[in-house]
Each structure stands twice: as C-alpha cells, then as structure tokens.
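In order, the protein sequences belong to chains A and E. Numbering (the working numbering) for the first sequence: 1 to 113. Numbering (the working numbering) for the second sequence: 1 to 112.
Simulated from the structure, these hints should not be mistaken for lab results. Everything numeric in this text was worked out from a predicted model, so none of it was measured. Accuracy of the hints is not assured; some may be wrong.
Some chain E residues near chain A, calculated using beta-carbon distances under 7 Å [said to hold, decoys possible]:
| no. | residue |
| --- | --- |
| 1 | 43 |
| 2 | 44 |
| 3 | 46 |
| 4 | 99 |
| 5 | 102 |
| 6 | 103 |
| 7 | 104 |
| 8 | 105 |
Derived EDC-like pairs: lysine to aspartate or glutamate, alpha-carbon spacing no greater than 20 Å straight-line [what the hints assert, rightly or not]:
| no. | chain 1 | residue 1 | chain 2 | residue 2 |
| --- | --- | --- | --- | --- |
| 9 | A | 44 | E | 8 |
| 10 | A | 9 | E | 42 |
| 11 | E | 56 | A | 101 |
| 12 | E | 60 | A | 101 |
| 13 | A | 44 | E | 42 |
| 14 | E | 52 | A | 38 |
Facing chain E, according to a computed beta carbon distance under 7 Å, are these residues of chain A, among others [as the list claims (entries may be wrong)]:
| no. | residue |
| --- | --- |
| 15 | 42 |
| 16 | 82 |
| 17 | 88 |
| 18 | 90 |
| 19 | 101 |
| 20 | 104 |
| 21 | 105 |
| 22 | 107 |
| 23 | 110 |
All C-beta atoms in this analysis are idealised placements derived from N, C-alpha and C, irrespective of residue type, glycine included.
The chain contents come next:
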Amino acid sequence: NAGVTQTPKFRILKIGQSMTLQCAQDMNHNYMYWYRQDPGMGLKLIYYSVGAGITDKGEVPNGYNVSRSTTEDFPLRLELAAPSQTSVYFCATSGSGSRNEQFFGPGTRLTVL
Amino acid sequence: GNSVTQMEGPVTLSEEAFLTINCTYTATGYPSLFWYVQYPGEGLQLLLKATKADDKGSNKGFEATYRKETTSFHLEKGSVQVSDSAVYFCALFTGGGNKLTFGTGTQLKVEL
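Put together the whole structure using the sequences plus the hints.
Quick look at the structure:
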C-alpha cells in the first residue's frame, strides 16, 4: 500500500499562474485534509473533506479550491498564485473509526516568484 | 477556541541526554492529545497519543502524560539519539469539525 501520495514534490510558479496539487490515498479513509506549513508557524488547515462530494473550509481557505469526486483523490487548486502561497503543502487522511489519527503525505514544496 | 503552545526551538542536545519538550493546551471539552514527528524532508508521523486525563502515551522510548490539572502534555525521552533529530509537533483533537489543532513545532537537534 502506498498510503498517501502527493504530486508534484516541488514546483515553482510565477505570480498569477494556476496549478493543481494532487493527493491520493489507498487507505479507504473518508476524511481528507490539506494543510500548509510555513516556517515557525506550524500547520494551518486549508480545506478538509468528510467524504466524497463533501468539502469544507479550514482556517486559511482564501486563494484555494478543492473538490472530492472520489474517496481516493482530493486535489487542491491554486488560482492566480501569489508569493504569500509559497509554502509546503501536506495532504492527510483519517478513518471514520479513528478520526483523530491522521496520516500524512510527503508534501509538496511550492515557490511563487 | 482551541490552541496549543509549545516551547520554542531549536533544542540542541548531546546523544544520551534527557529530553523534555513542553506542551500546554487550551480547549473546550475533553480533547485527545498527540505528538507528531517530522523527519527532514518527510511528512508528519504520529509518535504517540493519549485520549483521556492521566493516560500515558509511549512509543520508541518517548513518553507523554495527559495532565488535565495543568493542561499539559510534555514529551520526554530518557536518552536521545542522533536519529531522533526532527521537528516535534504537539496537537489536540476535540471532535468538533474533525480537525487537529497543531502547535508551532519544536526542532530537536541531537549531536554526538
């Protein structure tokens, strides 16, 4: 089992460009999350999903969009990239029976210039 | 709202030294508490957890006790190794919104 996979690992964008960060899981977990990690700031929740077709905003959703058409995939879309979105992005999942234990992907390092 | 406060790093120790990383929290209700570890270039991994007051979580020689009276969940290890060098995050979960609240992380560096 691959667990939680994220692509790409690294990306450089120019201001105003758009991109989609991919997240996939083979753990059959209902809950999925997107975080951003800024130096010295811990992790901030961007969006989360409690199941296919259901998404909700976290603490810092502005500038991002998500969709959840399948249990396995939870892509994060950046429209009109800005330097403030330079960060490391982590996807995570958890199961219904243990919602509090989250499993993280390896992260995507994004730089916006 | 919920919040987690961790001691600032980096913490630099010699191998075999005793480790304490402080964590205190503010939460409504009765949270579950966690320590996650992030090794260089990787995502976070669950290190240990405790789901109710006075519970002790333990794993890989690390321990933390859920102290409701002091709202604390300090991480300890009796003898650290170079391989323990990582960033450690304290977190809490209260069930509402299915969300973890993380502290800012504490970097640990262990030297020979």
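How the hints compare with the structure:
With a cut of 7 Å, the hint placing residue 43 of chain E at the interface with chain A holds, because the nearest CB-to-CB distance is about 3 Å. The beta carbon of residue 44 of chain E comes within 4 Å of a beta carbon in chain A, closer than 7 Å, and the hint placing it at the interface holds. Interface restraint check for residue 46 of chain E: the shortest CB-CB distance to chain A comes to about 6 Å, inside 7 Å, so the restraint holds. Because the smallest distance between the Cβ of residue 99 of chain E and any Cβ of chain A comes to about 6 Å, under 7 Å, the interface hint for this residue holds.
Annotation: interface hint on residue 102 of chain E holds; nearest CB of chain A at approximately 5 Å, less than 7 Å. Evaluation of the residue 103 of chain E hint against chain A yields a held restraint, the C-beta minimum of about 6 Å falling below 7 Å. The beta carbon of residue 104 of chain E comes within 4 Å of a beta carbon in chain A, closer than 7 Å, and the hint placing it at the interface holds. About 6 Å separates the beta-carbon of residue 105 of chain E from the nearest beta-carbon of chain A, less than 7 Å, and the hint is met.
A threshold of 20 Å between alpha carbons decides the hint, and for residue 44 of chain A with residue 8 of chain E the separation of about 18 Å falls inside it, so the pair holds. For the given pair, residue 9 of chain A sits about 11 Å from residue 42 of chain E by alpha-carbon distance, which is consistent with the 20 Å threshold. A hinted pair counts as satisfied when its Cα atoms are at most 20 Å apart, and residue 56 of chain E with residue 101 of chain A qualifies at roughly 16 Å. For the given pair, residue 60 of chain E sits about 18 Å from residue 101 of chain A by alpha-carbon distance, which is consistent with the 20 Å threshold.
For the proposed pair residue 44 of chain A and residue 42 of chain E, the alpha carbon gap of about 17 Å is at most 20 Å, so the pair holds. The hinted pair formed by residue 52 of chain E and residue 38 of chain A fails the criterion: a straight-line CA distance of about 30 Å is larger than 20 Å. Proximity of residue 42 of chain A to chain E holds as hinted, the smallest CB-CB distance being about 4 Å (cut-off 7 Å). At about 23 Å, the closest approach between the beta carbon of residue 82 of chain A and any beta carbon in chain E exceeds 7 Å, and the interface hint on this residue is violated.
The beta carbon of residue 88 of chain A is not positioned within 7 Å of any beta carbon in chain E (closest approach about 9 Å), and the interface hint is therefore violated. The interface hint given for residue 90 of chain A holds, since its Cβ lies 6 Å from the closest Cβ of chain E, which is under the 7 Å cut-off. A least Cβ separation of about 6 Å between residue 101 of chain A and chain E falls short of the 7 Å threshold, and the interface hint therefore holds. With 7 Å as the threshold, the beta carbon of residue 104 of chain A comes within range of chain E, its nearest partner Cβ sitting at about 3 Å, so the hint holds.
With 7 Å as the threshold, the beta carbon of residue 105 of chain A comes within range of chain E, its nearest partner Cβ sitting at about 5 Å, so the hint holds. Below 7 Å, beta-carbon pairs count as interface contacts, and residue 107 of chain A has one with chain E at about 5 Å; its hint therefore holds. At about 15 Å, the closest approach between the beta carbon of residue 110 of chain A and any beta carbon in chain E exceeds 7 Å, and the interface hint on this residue is violated.
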